[in-house]
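Undergrad: Using the sequences plus the hints, can you model the full thing?
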Amino acid sequence: MFSTHSIREVAREPVFFLDPDVPRGETFLTICSWCMKIRLPNQGWIELEEAVNCLDSLGSGVVPSLTHGICLECQFVIEKELKNLK
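Note that the numbering used here has the sequence shown beginning at 45, numbered continuously upward.
None of the hints are false.
Computed spacing ranges between beta-carbons, pair by pair:
id: 1; residue 1: His112; residue 2: Glu57; range: 19 to 25 Å
id: 2; residue 1: Glu57; residue 2: Thr111; range: 19 to 25 Å
id: 3; residue 1: Leu129; residue 2: Glu57; range: 31 to 37 Å
id: 4; residue 1: Pro64; residue 2: Glu93; range: 14 to 20 Å
id: 5; residue 1: Asn128; residue 2: Asp63; range: 32 to 38 Å
id: 6; residue 1: Thr71; residue 2: Leu129; range: 33 to 39 Å
id: 7; residue 1: Ser109; residue 2: Arg56; range: 18 to 24 Å
id: 8; residue 1: Phe60; residue 2: Thr111; range: 16 to 22 Å
id: 9; residue 1: Val121; residue 2: Pro67; range: 30 to 36 Å
id: 10; residue 1: Asp100; residue 2: Glu70; range: 16 to 22 Å
id: 11; residue 1: Asp100; residue 2: Leu129; range: 39 to 45 Å
id: 12; residue 1: Pro67; residue 2: Ser47; range: 33 to 39 Å
id: 13; residue 1: Arg56; residue 2: Leu84; range: 17 to 23 Å
These are calculated hints, taken from the structure and not from any lab test.
It should be emphasised that the depicted structure is a prediction, and the values quoted were computed from it without experimental measurement.
In this text, a Cβ means the ideal position worked out from N, Cα and C, and glycines have one as well.
TA: As structure tokens, then:
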């Protein structure tokens, strides 16, 4: 068993992209559960705000559904922290 705690909080402007009440399309994008970066096809993991701008420029008008995952950078940090617990 292990416990978690926040390391830091980062203030950000509200992003409609994360609003659970916004209607969603059938396409899924992965969001990192730790740093909130979004994985875009052919672009890798990018900051949430940048991803929103990229999606807006496509002009589909449909907000994709989100599924949670972990980016490689956060995975590395978490694996390192877990090894240090042993």
